[in-house]
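2 protein chains.
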Amino acid sequence: MRAQHHAEKIHRGGQVKIWTREEIEARFDMERAVRMVEEGFIAYSRKKVQVPPIQNFRFDSVGGECCVKSAYVQGAETFAVKVSSGFYNNAELGLSSNSGLIVLFSARTGKPVALLQDEGWLTSVRTAIAGQLAARVLAPREVHGIGIIGTGLQARLQLEYLKTVTACRDVHVWEPVAQLHTRFAADMSVHGFNVRVHETAESVAADANLIVTATPSREALLRSAWVRDGTHITAVGADGPGKQELDPAIVGRAGVVVVDSIEQCSKYGEVSHALSAGLIQARQLIELGSVLAAGGRGRDDSNATQITIADLTGVAVQDAQIADSVVSEVS
Amino acid sequence: MRAQHHAEKIHRGGQVKIWTREEIEARFDMERAVRMVEEGFIAYSRKKVQVPPIQNFRFDSVGGECCVKSAYVQGAETFAVKVSSGFYNNAELGLSSNSGLIVLFSARTGKPVALLQDEGWLTSVRTAIAGQLAARVLAPREVHGIGIIGTGLQARLQLEYLKTVTACRDVHVWEPVAQLHTRFAADMSVHGFNVRVHETAESVAADANLIVTATPSREALLRSAWVRDGTHITAVGADGPGKQELDPAIVGRAGVVVVDSIEQCSKYGEVSHALSAGLIQARQLIELGSVLAAGGRGRDDSNATQITIADLTGVAVQDAQIADSVVSEVS
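Chains as they are written, first to last, in the numbering used here: chain A, 1 to 331; chain B, 332 to 662.
Calculated directly from the structure, the hints in this document are not laboratory data.
One or more hints might be untrue.
[What the hints assert, rightly or not] In silico lysine to any residue, SDA-like type, Cα no more than 20 Å apart, as pairs:
| hint | chain 1 | residue 1 | chain 2 | residue 2 |
| --- | --- | --- | --- | --- |
| 1 | A | Lys163 | A | Ala185 |
| 2 | A | Lys47 | B | Asn387 |
| 3 | B | Lys348 | A | Lys163 |
Build out the structure end to end from the sequences listed, making use of the hints.
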């Protein structure tokens, strides 16, 4: 019934439905989005998704970058083209750094069916969902402290989305750009977290066994010597060439290295640095979708010293699925 | 003044302006569009355009294909992301085969500024403009007959856009799909052309020295033996892998081979077949933008037997420029 209803709407060939950010947030269903992003990762790792090469632009004179990510999950009603950008001088103009939109097209007729003017919000959320899924299969059973590197929007969302996978509320945070951390502790305490701001990443690593790095860094912020045995680290910042948050030695030391996309993470992402340094072999990489498809855990819970890594570069299938979760009919 | 005015509008960070197809056609200025597409080709050949790899989708079960082409001309106010599709079973649903839209984003802030719901119309027109520009520099001085292979929308537009580059109005047409040619002659006579429908492409080639091929063919339609000395041929159909309209021997025989993009035409397009057959060398290829930049002719008018070829695969800079020609302020 759902497919038929949906098809009729598309086949009318009518106007594109425009979704404002407010409408998207009002309609957004977190559980449904998590489920669909998870299904998307599984389909991706089963090679059931068309994901053409990412398009990248750079606007060096204004500190801007933009990427176009597109995906079609075989059998879905729609395919997605997502444009997202970060223009890091925008604050001087009183504008947000991140922008973006997603256009959904009918996979039966090619006609555009929905324009989601989410301003990059869905990209931020689907990245946090990926962090949640990675932590679900890789975080230690007993988390005694959550470490967060970075205090921007993505750092906040990652922390919020960890609430369903761990009961731990003790958070240790360090922000590489000193003036940015001011409101993080207060804001996150509203969500029930006890936040301690640290002076160094080393000190964060000493107090945490579940760490998320969420910065636009272009150099390693976390040294291997600082990371305790038994820690899981999710790195979400290295979403393009030249970006890096982790000492490659951490990746080399990890017993399990999960990636959102073997293809992308081999080219950039934390894994690419470890691969080119010869610290790991490509055959060691496991895709998040493969771990999720297996239905079990991604780490060896009997091995208390095992380090695990999730390297998340952002795959277009996440965008297609989260947009579809907002737009499609709930049956 | 113009740039400042434009910048103020963008910097407000307000809503995206939505352009319907009717608004686009009403605002469209052919001369301005031709000038801007020409400038785009020149900038492209001077390496002043960011053109990331084209994204392609295939929807085999419904005879559909879609591509995403994006471009930023260095120094422009905006950059463009264009999605265009052809779903060749749409007629059964009472829908047009072609669809598409273009989104323009501010190159200063990354914010979307305009959505052009042109339904693929601008893609069709910018392709016809490329044909006009190619004919301007490559068509013989004396055209005694125009040959058109194909009778679809693109064939019609190519013919219309040739009116400003030749006084010839005698048209010879052949359509590979027999039932499609019915209204072409009547429709084109309204534009002042005398159209004769032929039974074969061979017969068209015998009566024409300016030929345009505009079909979705996947095999050669025009044999070298049929093409008269002194003819110019513009081929616009081979816009993706597997497509072909010309016998590669024609390309090998040509004294001048102009391409819209050396990179794209080396991978697909008519030229790719001739390259892989060893009939031409990559160094013989000249980009249309380079010919236009030189300001002169692309053919040797003193050589009455010279064959010239323009292989047009469609470059994203055309999309960026034609969209900008509609949207930007006329100073």
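Here is what the structure says about each hint:
no. : hint                : verdict
1   : A/Lys163 x A/Ala185 : holds (16 Å)
2   : A/Lys47 x B/Asn387  : holds (16 Å)
3   : B/Lys348 x A/Lys163 : violated (39 Å)
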